[in-house]
Amino acid sequence: MSVFAIAFPVGMFIAGIVAWRLSKQEAKKDREPPAWRDDSLDEWRKQRDLELEQERAIRSKPGARATDDTATARDAAETKKNQRIGG
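Numbering (the numbering used here), first residue to last: 8 to 94.
It is worth saying that the hints were derived from the structure and are not from the lab. The C-beta atom is built at its ideal place from N, Cα and C for all residues, glycine as well. Possibly wrong hints are sitting among the right ones.
[Claimed, not checked] Label pairs and their in silico Cβ distance ranges:
1) 10 / 32: 42 to 50 Å
2) 15 / 49: 36 to 44 Å
3) 66 / 40: 39 to 47 Å
4) 90 / 66: 28 to 36 Å
5) 65 / 36: 44 to 52 Å
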């Protein structure tokens with residue numbers, strides 16, 4: 008067996024990886040960043056995060072009780088009504 012029987016496939020494999028990486032980099036250069044940014048929900052997200060942080064602070068205090076809304080929702084989620092269908 009000659010050296011080329013092993014070296015040629017290995018060289019082709021390495022060349023393929025190099026070509027793939029170069030084409031990937033060129034594709035990244037061709038892409039332009041978007042000209043605009045959708046920030047229509049930024050205020051809503053900030054408000055939601057603030058409310059969630061306040062709820063976490065309340066829940067993290069020792070001895071803190073759940074609010075009526077969350078307790079009612081939890082009770083409603085736990086209550087299941089099973090109905091038997093058929094005879």
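Here is how each hint holds up against the structure:
| no. | hint | verdict |
| --- | --- | --- |
| 1 | 10 / 32: 42 to 50 Å | violated (32 Å) |
| 2 | 15 / 49: 36 to 44 Å | violated (57 Å) |
| 3 | 66 / 40: 39 to 47 Å | holds (40 Å) |
| 4 | 90 / 66: 28 to 36 Å | holds (35 Å) |
| 5 | 65 / 36: 44 to 52 Å | holds (50 Å) |
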